[in-house]
Amino acid sequence: MEKPPIARIEMVRDTHFGATVEDPYRWLEDWQSAESQAWLNGQAEYARQLLAALPTRPALSARINQLSDAGPLLYSLHIAEGRYFYFRRDSGDNVPKLVVRTSLDAAEKVLLDPNTMTGDVHTVIDWFYPSHDGKLLAYGLSQGGSEESTLYILEVDTGETLSDAITRSRFGAVSWLEDNRSFLYTRMAEPVPGALVSERYHNMRSNLHQVGQLAEQDVTMFGRGLNPQVEIALTDIPSVKITKDSRWAIGVVSHGVLNERTLYAAPVQALIADPAHCAWRKIADIEDAVTAFEVDGDLIYLCTHKDAPRYKIIVTSLESPDLATAQVIVPPSQVVIRAFALVSGYLLTQDLDAGIGKIRRIKLDGGALEQVALPYEGTISEWAGNESEAELLVQMTGWTEANQIFRYDLSRDSLTDTGWRPPSSIDFSDIEAHEVFAPSKDGTLIPLSIVHRKGLKLDGNNPTLLAGYGSYGLIGYPPSFIPTMKAWYERGGVFAAAHVRGGGEYGKEWHLASYKLGKQNTVDDFIACAEYLVKAGYTSPAKLAGEGTSAGGIPSGGALTQRPDLFAVMVVRVAVTNFLRFEVSENGPMNIPEFGSVTTEDGFKGLQIMDSYTKVRDGANYPAVLLTAGMNDPRVVAWQPAKMTARLQAATASGKPVILRLETQAGHGMGSTRHQLDEELADKLAFLLQQFAEK
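The sequence shown begins at 48 in the working numbering and counts up one residue at a time.
Be aware that one or more of the hints could be misleading.
To be verified - No more than 30 angstroms apart at the CA atoms, straight line, and that leaves these computed lysine-lysine pairs for DSS-like: (1) LYS182 - LYS288; (2) LYS501 - LYS582; (3) LYS652 - LYS662.
Unchecked claim - If you anchor each label on the Cβ, the simulated ranges turn out as follows: (4) GLU482 - THR372: 36 to 42 angstroms; (5) GLY65 - SER210: 58 to 64 angstroms; (6) THR163 - LEU243: 38 to 44 angstroms; (7) LEU243 - THR62: 18 to 24 angstroms; (8) GLY166 - GLN264: 26 to 32 angstroms.
No lab work stands behind these hints: they were computed from the structure.
From the three backbone atoms N, C-alpha and C, an ideal C-beta is built for every residue, glycine too.
Put together the whole structure using the sequences plus the hints.
What follows is the structure in structure tokens.
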């Protein structure tokens with residue numbers, strides 16, 4: 048197949064606040080029509096043939112597979128009554144399995160292994176929640192990366208999965224009651240025939256399930272229109288959290304992707320007895336800027352960025368909550384508080400200090416903040432507390448440090464390796480990482496991580512991949528051990544992560560520094576980091592690739608359309624590029640709090656800044672572009688990268704390829720198999736090297 052199929056043009060013009068926006072490929076939004084499917088299949092076949100013929104691909108694929116299969120991967124830690132639950136992916140596994148240890152030194156027991164499940168589409172475990180006594184476990188299964196979870200219940204001691212099966216439970220949010228036989232969970236509404244796809248997440252409810260009963264018998268405990276004391280909008284996500292040894296239920300209202308939640312409190316027994324009339328008390332609303340909470344008896348501890356852009360921890364009574372008079376437990380400082388936990392009379396904070404993960408602790412009954420000594424400077428990827436054993440499991444990693452799980456003994460203030468994960472067999476001793484700063488267009492210094500083989504010559508001739516994200520206040524690329532990237536470093540490759548504004552590297556201030564109408568800063572920062580890599584001699588435009596995933600379509604799409612001369616390749620992975628049309632898709636309304644809506648003038652102007660699809664210019668010399676899409680993606684629908692592909696293929700005058708790599712049995716990446724991830728990486732790196740070699 049010498050050329051990809053040409054997409055026909057059928058111009059649609061929209062007018063927003065006096066501005067006309069042209070959309071030549073609106074018809075592709077009906078992406079499941081026969082015409083769209085034929086075009087997508089043709090694009091997929093073209094990409095397959097082009098990528099399969101790349102000269103370095105066979106060797107890269109073999110090496111990446113070897114690296115990804117070299118050792119176990121452990122993550123998603125949960126502790127319940129001295130039982131330790133987590134995901135484990137061993138050599139030979141395509142997807143992770145769920146295991147348990149009955150003590151720190153006990154042997155692992157496999158509870159559920161999707162690798163043994165048969166079917167045309169692979170199955171993955173999306174999430175799991177053990178009961179307080181660790182004897183039952185609620186978990187979600189989905190197929191093909193769809194994240195469309197069905198909730199099941201497993202009996203831990205016998206390994207038996209019970210008859211309970213609850214569909215439409217994608218968000219899970221399971222919270223067990225003290226009886227260890229019932230729990231609350233969040234469920235999506237039954238689809239309404241003829242409803243718009245953008246209404247998919249309307250009217251979600253938090254229901255109470257008794258083990259053994261039919262899901263249709265479950266009673267709604269928390270949801271829109273149920274209780275007059277609670278305000279829940281059509282698109283809000285309601286959930287209820289019940290903490291062991293507390294008589295309080297916390298009603299959580301999540302407003303789409305907004306980090307700030309609305310919180311209510313009610314006695315558990317009153318809620319169960321009469322959910323429609325129980326006396327909910329509002330604890331916090333959006334303007335209170337609360338992003339996380341923990342309950343201890345009749346007290347609730349809250350993490351907030353109100354008057355504290357790098358966050359603080361406060362505490363108030365659940366009997367009579369009052370944030371105005373709440374006591375400050377951990378005051379704001381230069382470090383960013385990313386999370387906190389209550390364990391055995393201590394409050395522990397998980398901090399970010401100049402990009403380095405740190406932990407502090409303070410006694411709940413009074414005392415000074417103390418720094419916890421960690422084994423090395425890196426990233427705290429997750430943690431889990433165990434009240435009964437006064438311990439905290441901490442998983443750490445770094446650019447050159449393999450993931451390890453440590454046990455922190457609070458009574459002794461000591462940290463030791465659990466030994467659950469053997470030392471990595473992959474040698475990264477010849478790889479080094481640097482943390483530098485690149486001045487952006489407005490002079491702001493942007494943190495930039497650079498990873499490569501030791502002894503690299505700064506002669507401007509190194510193949511380089513620059514990645515960026517910059518949305519939701521998230522840290523898109525924390526220092527993390529990625530064993531398969533050794534295949535890139537061995538070939539002289541450089542990987543760089545641009546910590547652009549819009550992320551959370553410096554707390555809420557960094558997030559709001561590139562938000563809605565100010566979103567151009569994200570693109571400027573990404574371009575500045577690319578220019579830094581060229582100026583410092585790491586690479587040149589002929590050997591530089593950019594990459595953005597999901598909301599990373601803002602920096603990658605923006606840099607592609609604004610500075611096509613700066614890159615040889617742009618990789619746009621499962622990304623939003625047509626932001627002006629995002630809100631009509633399944634996941635679009637949930638993202639309005641972050642990106643805005645075309646229904647308001649400021650929202651429209653902000654989305655215009657983020658939208659790269661409408662900025663593609665006919666006759667421009669665009670670099671080679673690799674776009675990816677998952678046909679089961681519930682977050683970024685496949686027509687987003689499809690429309691961008693069609694527009695770029697029609698517009699570019701460079702003669703360089705624009706290809707759309709489609710996964711028919713994958714989604715946004717969360718449920719992808721090891722094989723799928725390996726093959727995508729091999730395709731990407733081989734494509735980069737081939738384009739860098741072109742003259």
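For each hint, the structure was consulted:
Of the pairs offered as hints, the one joining LYS182 and LYS288 holds, with about 19 angstroms between alpha carbons and a cut-off of 30 angstroms not exceeded. Proposed proximity of LYS501 and LYS582 is supported: the alpha carbons are some 20 angstroms apart, at most 30 angstroms. At roughly 13 angstroms between alpha-carbon atoms, LYS652 and LYS662 fall within 30 angstroms of each other, so this suggested pair holds. With their beta carbons about 41 angstroms apart, GLU482 and THR372 fall inside the hinted range of 36 to 42 angstroms.
Judged by the Cβ atoms, the range 58 to 64 angstroms given for GLY65 and SER210 holds: they are separated by roughly 59 angstroms. Here the CB-CB span from THR163 to LEU243 is close to 39 angstroms, well matched to the stated 38 to 44 angstroms. A beta carbon spacing of about 21 angstroms between LEU243 and THR62 agrees with the range 18 to 24 angstroms that was offered as a hint. In this structure the supplied range 26 to 32 angstroms holds for GLY166 paired with GLN264, their Cβ-Cβ distance being about 29 angstroms.
Checked against the numbered hints given earlier, this structure breaks none of them.
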